[in-house]
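Q: Here the protein sequences line up with chains L and R, keeping their order.
Under numbering that gives the first Met the number 0, the first residue of the first sequence is numbered 0, with each subsequent residue one higher.
Under numbering that gives the first Met the number 0, the first residue of the second sequence is numbered 0, with each subsequent residue one higher.
If you are wondering where the hints come from, they were derived from the structure by calculation, not from laboratory data.
Hints should not be assumed to be uniformly reliable.
Each pair may be met inside one copy or between any two copies, as identical chains are not told apart.
27 Å max Cα-Cα, derived DSS-like pairs, lysine-lysine [stated by the list, open to error]:
#, residue 1, residue 2
1, 900, 833
2, 900, 578
3, 704, 174
4, 189, 657
5, 189, 865
6, 865, 900
7, 366, 527
8, 657, 704
9, 473, 396
10, 615, 865
11, 189, 833
12, 900, 174
13, 534, 473
Here the structure is a predicted model, which means the values were calculated and not measured.
2 protein chains.
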Amino acid sequence: MFRLSAIPIDRPEPAEALRATTAWSFGLKRQLTLLSSVQLDCFRQGLPLRYETDVRAERGAYFVQAAQNLRPGQVLDWLLVANVNQGASEVASLNRLLRQPARLRKLVQAEIEHGTRELERIVAAADGLQKTARPLSNARHYANTLFNVMRGGIFNDGYKLDPQDLLAFVTNGDKEIAARHSSFFRSLPKPALYGDMAAAAAATGDPQLERLCREYLPLTFSRRHGDPSRPWNRFSITTRNPDGTRILNYEGNWRDIFQNWEALAVSFPDYVPGMISRFLNASTADGYNPYRITRNGIDWEVVDPHDPWSCIGYWGDHQIIYLLKLLEILEHHNPATLRGFLTREIFASANVPYRIKPYDALLANPKDTVVFDPQVEELVQQRVRARGVDGKLIWDKQGNVRLVNLTEKLLVPLLVKLSNFIPEAGIWLNTQRPEWNDANNALVGNGTSMVTLYYLRRYLMFCREIFRAQADAKFSLSVEVAGFLNELKRILQRHRSFLAGALSDRQRRRVLDDLGRAGSHYRLRIYKHGFSGRKTQLSGQALIEFFDSALEWTNHSIHSNRRPDALYHAYNLVRLDSKTELPIRRLYEMLEGQVAVLSSGHLSAEESLELLVALKHSAMYRADQHSYLLYPNRQLPRFVERNNIPAKEIRRSALLRKLLADGNRQFVERDIAGRVHFNAAVTNARDIRRILDQLAPSGYANLVKREGPDVVDLFERLFDHESFTGRSGTFFGYEGLGSIYWHMVSKLLLAAQETFFHAVEARAPKRLCQRLADCYYDIRAGIGDYKTPQTYGGFPMDPYSHTPAQGGARQPGLTGQVKEDFLCRMGELGVFVKNGEVHFRPELLRPEEFLTAPTDFAYVDTAGIKRRLRLKAGELAFTYCQVPIIYRRSRENSLVVFLAKAAKLPCQELRLDADTSRLIFERAGQVVRIEASLDS
Amino acid sequence: MFRLSAIPIDRPEPAEALRATTAWSFGLKRQLTLLSSVQLDCFRQGLPLRYETDVRAERGAYFVQAAQNLRPGQVLDWLLVANVNQGASEVASLNRLLRQPARLRKLVQAEIEHGTRELERIVAAADGLQKTARPLSNARHYANTLFNVMRGGIFNDGYKLDPQDLLAFVTNGDKEIAARHSSFFRSLPKPALYGDMAAAAAATGDPQLERLCREYLPLTFSRRHGDPSRPWNRFSITTRNPDGTRILNYEGNWRDIFQNWEALAVSFPDYVPGMISRFLNASTADGYNPYRITRNGIDWEVVDPHDPWSCIGYWGDHQIIYLLKLLEILEHHNPATLRGFLTREIFASANVPYRIKPYDALLANPKDTVVFDPQVEELVQQRVRARGVDGKLIWDKQGNVRLVNLTEKLLVPLLVKLSNFIPEAGIWLNTQRPEWNDANNALVGNGTSMVTLYYLRRYLMFCREIFRAQADAKFSLSVEVAGFLNELKRILQRHRSFLAGALSDRQRRRVLDDLGRAGSHYRLRIYKHGFSGRKTQLSGQALIEFFDSALEWTNHSIHSNRRPDALYHAYNLVRLDSKTELPIRRLYEMLEGQVAVLSSGHLSAEESLELLVALKHSAMYRADQHSYLLYPNRQLPRFVERNNIPAKEIRRSALLRKLLADGNRQFVERDIAGRVHFNAAVTNARDIRRILDQLAPSGYANLVKREGPDVVDLFERLFDHESFTGRSGTFFGYEGLGSIYWHMVSKLLLAAQETFFHAVEARAPKRLCQRLADCYYDIRAGIGDYKTPQTYGGFPMDPYSHTPAQGGARQPGLTGQVKEDFLCRMGELGVFVKNGEVHFRPELLRPEEFLTAPTDFAYVDTAGIKRRLRLKAGELAFTYCQVPIIYRRSRENSLVVFLAKAAKLPCQELRLDADTSRLIFERAGQVVRIEASLDS
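Bound conformation, chain L alone (with noise of 0.2 Å):
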């Protein structure tokens, strides 16, 4: 037994440690048990050993000693095992046992069994279940569902939901609300459908009960979820209550949380609303979103001197690709939902207190522009005492959270992502935080992101598709929000002339200087005053024409980033010191701007294959993993090849020369060879002038005025610290130099497979689709499955975070590549919704995966019952939905649809009708199998 005599806390009180781990062994002939390591190195010396039964204030561990002389062929087997949180009534269970070894050995194979068995029917349930000819390909996918299930979670009982859970959940958000419905949580049966609960409550009248139920996940087996470089990020999956019910839980960041139910949602789709609900009330209402989601609230940073770390701002993209995904998941499945939302009031905006400032303050320091408001966040935390993490949404003068429709909430930010729009450069980034990856961190204030330029670009277009179906439609908009998407519209519409060619520096500062006060004077109005309440109609007609002046900017500055390579620039570099002129400064080539593109649907099929193979044949490609670097890798300069600031500088500058004839060394300093440098203490620009405040009063402050500025350049053009990126310039792991960031890898292979499929759709030539295809499974290759573990340096079925220069892949199943390899795997085998329908196209799908010799398919059915499939050569089996498909290689296209209530179901195309394919994602059990017959 290993316990604790009480649990350490900090608090004056008692802590009782109830619980213990237990250890035991048998099938041993054991001569001595030792509890703790102490005695190891008298082992390793051959002297003799103490039995230990009692040690105290040492780490345990348990060894058990034991002779035994083996016959040849004579085979030894025996039980080590380790439990933990024994209480007092299981160890009293155990002790019993203990007598009875035989049977304890049965029920510890039993156990183990289970666990298998346990956790087979949570990856089945998430349709990680394959068989096909590629058993390597089918324990990978494996471990993708079942990783990104250990990210996103898993819905604990599919759409089934205790009442009781779903009360405890909006009592947590408004106990006001849940009070005065209880008759609403009564009249639930036990479990509820989770789409029939979203209608009875929306049945209720009241918008404010509908939206907190619409957010309602039972999501659970989620480990806390981000980037584990912070300290936050303690990873654990805590399953069990004390009383064995199971845990609904979610907690993360929000910028990672929404991804892994990207993939999710394919499994589960009538739970997309849900999540987009949960996602767009926790974005704000000046158009970003907080740090953290959990399933009880938000989060934000607060400044804490004593932690280093802490550190406010908002993070960028993540909010339009992975909203706009959700979205689309939703259109395919469920268009007529998604429509009526835009007009529904059901939504809301978070209350960070967090305050952009005005333009003129972010051209002045556009590293420092985001201030925390003390008395909002008081504010705030009033109301969520008084009434409930509801208190950290925007209020109305009423007292009740603002509610606002979908279409405001697409827009907004939209339209401050458009008010930092800088023509040619991209979105520029100036809220503190990066885009993507913290790696970039530094292009924060002078970088613009062209990567989210991309996105937007298909945001647009989404946009665009869902109003133009009701382009007489009115919709409510605040005026706030109006009179910003006016403004803005007015500004693309009056400077269109640029766009007849490339704009000049002058141009480009004209275009964000109108586009930035008016981003400004919206978030500043809200700041100041609230929203007003009033409401104005827009139709549908003036979103669109909005959405194609937006389209005409964006393709043009898409269009002009196109390098001579055929790649495209991701981030790009301003220069904000002119008051009337915006140069741009190139980057190098990065990855994720290849992605971005092909992803944001501007190139033709013909410009992507360029672009692929530009990229096979750039910097970014490492031929010894067959895979692609975030960037390219280069050599650092050498320690003494750096900080030589240059003769000819010091001639120039008389207070460097008289510091060093003073020699003052806070600043520079000779070395003995004579060569100057900084002072080694000094790390940024910030520092200089820091140093330069102190050097003024003690004689130096004529030249301290002026000289200082020009000090403060050299320094950093000494550095360059203009196009200093962050991170990735200067680490070697994970997102480093010379390093693979698989995740990207795996971003880089949707895209390409949604640009095959989308040049197969827009019917381009054959041998053109063909060698998209090629690209697709070249990228594809370079992914661990299709590698020896030599090469990959770690286990082929199992996805890592990253590989360095050196070494192999790193950090087993931490990054988002699951959710992208899940996806692009469901594509491979071509399963696509499109209005409603199930389509199979598995046009992708390669010979080789289809089984040789026949096989058992096991899979859990979605009443979790475990069965098993017989198939034949030519055969493959997977899930979806939880229903199992069988493809066989046939002469035709053709599909069965196998219905529990109903005879079978033939088609002539590889296409299930609307009602087939509802029943298919309602996963009640109605559709048993689907056989398709492939002409391949």
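We have chain L; now place chain R onto it with these hints.
A: Chain R alone, transformed into the frame defined by chain L:
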């Protein structure tokens, strides 16, 4: 060269890493160099190695491979050097030097010597150099002094200070005050002397300037200071600014930082007024003190839901004893200054945003008593931003820091402690934090501290003494404080008749009710309305009468806490659940109680001896270490012996019976053998109450209502939570079971020494004094330098934190033991100050300390110059205020003072007059040496 490409930070800005670690070697016939550990396994297996020249993304290492044949008797030596924080200039120098190996080798040797000398200089300034016949004790004293300095710091340059740094300090406090006194700062010489500076600040007539200037302490070489189990306490000593100047800084837990200053004060007595100012200005008007103190201000904990260690509250007793020790030192060295402070309004109070609840709320839940007031926090932060860290102090209505005299600052903590006085029990621990050590933190709420009461007695005696000479003088007090004092005095006098014998539980409750309500009234008044600003006058006589009343009660309680075995109780338990009675329960014996009662001055020499003898025979004595545990060791119950609910309790409880019958395991469960246990997830009564709340709605409402409190009671009885003391009863290392905590042993040593000298002073019988001296040396024999390494389990000349039941001494240098041992050592040498006069009373000094052969005593004089004195057999030497003092065995007592600018001064007794003593305190080199002949 080992370096980072950049400093990893989370802010979006560049951070150059312009420093590297250089590593190099010579003296070896180098075959190969490795820069990482990557190839070590190859080396171990005898495989060929590659020379490493450029390694990335690996932890650095430096290995040199060389083969060398040695002839018998041949000596081979070489250098392997690593040097951190090297900038470009240093690297350039090294590159040149590497071509001159002989010179480089000399430089390395010189650098090592220089470092040793510098460290010696620091230790010498704090009187760490001694030369006696016991080298181990000399070394231990050196180590004690060094560790004391590394905790509390050392004054950078004696009493000299840089006006520029003072200005920085004052500006940090209040920039307006700094600005309006710019001429004051300009007028100071560079360097200025601390005493002159303080006088000049007083002469400006601005008490705010004086307050800030007096608080200035130019300390350096101090590490962050506090309990290493708390996350904040990452230790580091920052010594130099980038420009090479020394960093003047200190920071630590309030309850820790003052203790090491106590030892430092011996060597730098003229800084004591500053230490006291720092101490008092950081204490609050409701009688407590903030968590942390740094050169740049104070700091308190705020509740952070993400941090399980965050927890607010006030620690208790150190404020009394640590303050008292500093006051005693000041009184001995400079009584006039202390008396002057009593009427000078130059002290402030901290504005910590904690609010202690009203008395009735304390009774209702004595573990949850402190409320964080976010409005005060916000106000404070605003003021800090506007003016400086003075914003953390209480301001008057005019927007200035509110000033009071020392009398008020001395009274406030005393009154507050007395308002929590429970007769015969001690001071009620009701501010959410424990007393001396966290190990007993669970005593908070229903625990009372006799320890604090013992120290309070000494404090009262001290106060009585200093006001005795000023019985007719008037002292100005805030009307709120004067009212509080008068109310307490009335209460103490009203109930005086109770003191005739033991109090009844009912009488005890009446006293606490009256005292507690008075305290509650005082603090609620100042929380709600602040101080009115009105003052009133109290005579010295009135104060003395108050102290006398308090002493009557204190002495009565101390008397009643004597155990039959002559030991004294340290902490008691009280039951607060009755409305009219207040019964006491005694806890087991603790070492801390004996230390405090010895130190209280309450015991006669005979009683003290009786206690010390009893202690040696008690269960706290640990024979193998010849020393004392904090509390008797005991065998904790085994896992299966705990958490068993007796059958009769089950029979008695319908609720438990029903839960068991229903198979509801949220609460209790029956094991396979029929025994009933609490669910192992339960940790304390709070969990039980939470589960009861959850059970209530699900059919158990009536039973929960009727029997809920019984079940809570059952749980607390089963685990005896009433007497749960915290980690002390559950840890095995540190302050845990069976472990010696060395700081407390050395506190005992100091208390025993005080007892001896009091007995000598009181002219106790010679035999009694001798027995007390024997007790002293018996405790002393348990401390490291009198032990073998085998017994000690560590280096005898190093102090350690603790010695667990198994294993040797652990954690070198980390506790306050070094302070106690330093003070004890000065006491063994007999150096005392009284009425401003230095006395030499080597009554404890043992003959074996005197040298048996001639040797040199190397010391450093106050000017920083290393000097030597030749010592003869029969002599020993040490420094005091950096003046070398030679003791010589002789037939008579006399001494000679050697002066720098005057003839030597012979004295017929072992005492220096006040003028000569002053020369020593001033450390200005006037006294060159003292030679004392001792009649021994």
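Q: Within a copy, between copies, both or neither: where do residue 704 and residue 174 come within 27 Å Cα-Cα?
A: The answer is between: 24 Å across copies meets 27 Å, while 60 Å in one copy does not.
Q: At most 27 Å between alpha carbons: which applies to residue 366 and residue 527, within, between, both or neither?
A: Within one copy only: 23 Å inside, 43 Å across.
Q: How would you label the pair residue 900, residue 833 (within, between, both, or neither) given a Cα cut-off of 27 Å?
A: within (26 Å within a copy, 103 Å between copies)
Q: At most 27 Å between CA atoms: does that hold for residue 865 and residue 900 within a copy, between copies, both, or neither?
A: within (20 Å within a copy, 102 Å between copies)
Q: For the identical chains here, do residue 189 and residue 657 meet the 27 Å Cα criterion within one copy, between copies, both, or neither?
A: Answer is between: at 24 Å across copies they meet the 27 Å cutoff, but 83 Å inside does not.
Q: How would you label the pair residue 534, residue 473 (within, between, both, or neither) given a Cα cut-off of 27 Å?
A: Intra 12 Å, inter 72 Å, cutoff 27 Å: intra-copy only.
Q: Please sort residue 189 with residue 865 into within, between, both or neither, judging by C-alpha distance up to 27 Å.
A: Result: close within a single copy only, 25 Å intra versus 87 Å inter.
Q: 27 Å Cα cut-off: does residue 189 pair with residue 833 within a copy, between copies, both or neither?
A: neither (33 Å within a copy, 83 Å between copies)
Q: Can you tell me if residue 900 and residue 174 fall within 27 Å by alpha carbon in one copy, between copies, both or neither?
A: For residue 900 and residue 174, the Cα distance exceeds 27 Å both inside one copy (43 Å) and across copies (83 Å).
Q: Which holds for residue 615 with residue 865 at a C-alpha limit of 27 Å: within a copy, between copies, both or neither?
A: For residue 615 and residue 865, neither the intra-copy (44 Å) nor the inter-copy (71 Å) Cα distance is at most 27 Å.
Q: Tell me, please, which holds for residue 900 and residue 578 at an alpha-carbon limit of 27 Å: within, between, both or neither?
A: Result: close neither inside a copy nor across copies, 73 Å intra and 71 Å inter.
Q: With identical chains, the pair residue 473 and residue 396 could be close in the same copy or across copies; at 27 Å between alpha carbons, which is it: within, between, both, or neither?
A: within (25 Å within a copy, 59 Å between copies)
Comparing the model with each earlier hint shows violations of hints 2, 10, 11, 12; every other hint is respected.
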